[in-house]
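Take a look at the letters that make up each chain.
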Amino acid sequence: MNFLATVGRVFLSFLAHVGRLSAFTGTALLHMVRPPFYPRLIGRSMVEIGYYSLPVVGLTAVFTGMVLALQSYSGFSRFAAEGAVATVVVLSVTRELAPVLAGLMVAGRIGASMAAEIGTMRVTEQIDALTTLSTNPFKYLVAPRLLAGVVMVPFLVLVADIIGVFGGYIVGVYKLGFNPTTYLSRTWEYLEPLDVISGLTKAAVFGFLISLMGCYNGYYSRGGAQGVGAATTNSVVSAAIMILVFNYVITALYFGK
Amino acid sequence: MSDQPKIQLTDVHKSFGPKVVLDGVDLSVAKGESVVVIGGSGTGKSVMLKSILGILRPEKGSIRVDGQEVIGMRSRDRDALMLKFGMLFQGSALFDSLKVWENVAFGLIQGRGMDRAQARDIAIETLASVGLAASAGDLSPAELSGGMQKRVALARAIATSPEIIFFDEPTTGLDPIMADVINDLIVKCVKDLGATTLSITHDMASARKIADRIAMLYKGKLIWVGPAKDIDHSGNEFVDQFIHGRAEGPIKMELRA
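Line order of the protein sequences matches chains A and B. In terms of the working numbering, the first sequence opens at residue -10 and continues consecutively. In terms of the working numbering, the second sequence opens at residue 3 and continues consecutively.
Possibly wrong hints are sitting among the right ones.
[To be verified] Which stretches of chain B does chain A cover? Using the computed rule of at least three CB atoms under 8 Å from a CB of chain A, they are: (1) 54 to 63; (2) 82 to 88; (3) 100 to 114.
[Stated by the list, open to error] Each pair of labels, with its calculated beta carbon distance range: (4) A:1 with B:25: 48 to 54 Å; (5) A:234 with B:100: 33 to 39 Å; (6) A:28 with B:189: 53 to 59 Å; (7) A:14 with B:133: 42 to 48 Å; (8) A:-4 with B:19: 16 to 22 Å; (9) B:44 with A:245: 42 to 48 Å; (10) A:24 with B:248: 53 to 59 Å; (11) B:140 with A:234: 43 to 49 Å.
Rather than coming from a laboratory, the hints here were simulated on the basis of the structure. These numbers were taken from a predicted model, which means no experiment stands behind them. We put the beta carbon where it would ideally sit given N, CA and C, even for glycine.
Model the full structure from these sequences, guided by the hints.
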């Protein structure tokens, strides 16, 4: 009996969470499209997400491109397909690695900071204070962050695409001895717009999920410093898992046929 | 219409899970009156204020502000209703991402759409009325002492000249002299604005100073309501025990939650 009760309790609390998250998402979306808007706050979030994440995303991208070139060269040479290195690099980076790795890095950087900031505002009653000052917390805190996430993560991924390919080019040309012109023409030859577009679609979804998890976990945090700590952890873990799941879903939708 | 109470609570019930916090509260506050609700920690004083503000939603009962039912109100109507309110939070709840003057001007800029220059002038004026120099306006809240933060929070609560002001434990955490300074400021501000106020506190010195009427909340019910001058001969043993701060008496501290 005890065991069944535990299973039931876990299941009920899971359903409660799903319900609460759905309601949160719905309210947040509603406030994203309804005035008043806060351009100053949207701008601040965009700078925080887009500009300040550039170094970490850039570093991730350049090393990913470099290691991809190295790995695919050594692997593909087993069946004399070294010539495909440039193509492998550009397809892997634009379709998969740039969006997923950039998403994960941003989840760690931004999701955590959003959850900590909003969580602290919750436990110090600053969110209640917003309400008493005729300001809807969804409009003021959540909507600008969601909007900034949806816009800026694709921007970061586009930058990561370019830097990643550049990383592959460096290794390809200076270490593996490819002809620069050939490497570049191989890069372009098989690249289709859909490769980049699918990656940017993923990025927009990931950006939304990262901000959503950061805001949601922060908004419902309770119990002082420990609660805020838990909210921060949850926001990063849940965003990372959702990125991996949605990555598969979006890939299946684009290329699953 | 003038005899219509500003705030009217009728049979308000609120529980958190199995824990009953408000168990049928009736209270009416007349226009321009100052009512102080006293009671021990965890007796539901804050829950009562937050229910009136719509931050919490009671399961049963009616709460009317100027005759308008607030339970189940739409969020847009609530934002409009909040224009009548000012609230001083227990922990001050200043926005730490904003400067002091931006905190004070918040309700004017965000709530009423006033332009920043004009709102800044009013903020500086309001800061002066609580005894803070204009130069304090450019500091961040974290640079202020607890007493100064409380004054800024008071300035923020009154900057929009609200009709109704709530004070949540206005003197908690302050030394006795600073507490008295805050009490004096509250009395002065309320007199200047002609506002209706509802305060909660367990500081009897504060209650005596700012109250026209005092109500005592115990186990989710108001067990005594009367003029402030009658508090010392209320004939109610619960009230007597509380105002004299005796451990022995009909009120038993629940040491286990």
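Structure-based check of each hint:
1. Counting residues of the region 54 to 63 of chain B whose CB lies closer than 8 Å to any CB of chain A gives 3, so the stated coverage by that chain holds, three being the minimum.
2. Counting residues of the region 82 to 88 of chain B whose beta-carbon sits less than 8 Å from any beta-carbon of chain A gives 5, enough to reach three: the coverage restraint holds.
3. Counting residues of the region 100 to 114 of chain B whose beta carbon lies closer than 8 Å to any beta carbon of chain A gives 5, which reaches the threshold of three, so the coverage claim holds.
4. Distance hint check for residue 1 (chain A) and residue 25 (chain B): the Cβ-Cβ separation is about 27 Å, which falls outside the suggested range of 48 to 54 Å.
5. Under the hint 33 to 39 Å, the C-beta atoms of residue 234 (chain A) and residue 100 (chain B), about 37 Å apart, fit the expected range.
6. A beta carbon spacing of about 41 Å between residue 28 (chain A) and residue 189 (chain B) contradicts the range 53 to 59 Å that was offered as a hint.
7. In this structure the hint that residue 14 (chain A) and residue 133 (chain B) lie 42 to 48 Å apart at CB holds, the actual value being about 45 Å.
8. Between residue -4 (chain A) and residue 19 (chain B) the CB atoms are about 20 Å apart, so this pair conforms to the stated range of 16 to 22 Å.
9. At about 56 Å, the CB distance of residue 44 (chain B) to residue 245 (chain A) disagrees with the hint of 42 to 48 Å.
10. In this structure the supplied range 53 to 59 Å holds for residue 24 (chain A) paired with residue 248 (chain B), their Cβ-Cβ distance being about 56 Å.
11. Here the CB-CB span from residue 140 (chain B) to residue 234 (chain A) is close to 47 Å, well matched to the stated 43 to 49 Å.
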